[in-house]
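Guided by the hints, dock chain B onto chain A, whose structure is given.
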Amino acid sequence: MAGTSRIARLGMFVAAALVLYGVEAALPSLFPFLRLGLANIATLVVLLTMGFADAVIVTILRVTIASLIVGTFAGPGYALAMAGGLSAAAAMGVFSRLSPPLGVVGLSLIGAACHNLAQLGVVAGLYTGPAGAAVLLPMALVVSAAAGLATGIVAFFVLEKLPLPRQNGASRRPAL
Amino acid sequence: MSGPAGHGDGARPSDERTTGRPPGPGDLARPRGRPLLTWADRVVLYTLVGLGVVLLIVPAGSGEAGRFRIERAGDVAMTLPLNVDMDYEVPGPLGTTVVRVRDGAVSIIESPCTHRICVAMGAARKPGAVIVCVPNEVVVRVLGESGEGHDALTR
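Read top to bottom, the protein sequences are chains A and B.
When we follow this note's numbering, the leftmost residue of the first sequence carries the number 1, and every step to the right adds one.
When we follow this note's numbering, the leftmost residue of the second sequence carries the number 1, and every step to the right adds one.
Looking at chain A on its own, in the form it has when it is part of the complex:
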């Protein structure tokens, strides 16, 4: 993708991810450490339309800018968010190689699970030790299944509706 277009798209997706993050922050949360992961929608869409490197870039920028806004930059919350976001991006990037059987929702489920597991790992390292993480593990799995399903369905329809780069040249409108 041409440089300018790529930068424009990256900026758009980072902005979208930040909006999703803001929406999620406004939602009441049952457990402060288990998140819906709406911003993962942006990561997933970028991964599937622009590639793995851009997905990582969007994730890092999103987490960093969000933490600067909220004021948790370089704190434990930042470490949590970064670990979760990057693990989700990495896992979805790896598993997108298994795409023929695996769909968008499956990738989203894997991303959500890895997000929560990575965060649990950081929590165990920083606060509770392995025992505390073991208590939270089953809940993290179930919650991430629900969250991944929800965000995956959203990502599915986003990918279906967005006029993003297409395959085999049959574009309805010129590239950005």
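Label pairs and their in silico Cβ distance ranges:
(1) P81/B x A15/A: 52 to 62 Å
(2) L68/A x L143/B: 36 to 46 Å
(3) E160/A x A120/B: 54 to 64 Å
(4) A77/B x A25/A: 39 to 49 Å
(5) I69/A x V43/B: 37 to 47 Å
Calculated from the structure, these hints are not laboratory results.
We put the CB at the ideal spot given by N, CA and C, even for glycine.
Just chain B now, with coordinates in the frame of chain A:
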């Protein structure tokens, strides 16, 4: 974009370049016509839920029986088990404070002090929890690592 109007698709630069990624395995970027949930998606979903439910049901390894300590004015301390239901009478400067253990939790149920804040503090169960009676100089402390439970969380 003022593309070559009449040239059709052939004049367009290669799409591999414009999409910015190699022609990936199975084009997920455009799921039109694909089912919302493929069989592999279902496998992932059921695995996650199943694993979580199984781990929820299997009881997480119960820790060793908890212990607590009664300290009196910092000089006398007794370490006692939390799994034995019993009342303990602790003498202090004002009189006798009664410490009760029930169902793995410890509480002060009687105190000669005026405000009886220690009684109102209820039961202590978690490691690190403390009940204090300042007037009668009695401190009840549940032992163990107080790793869990934070004062505050930011996110």
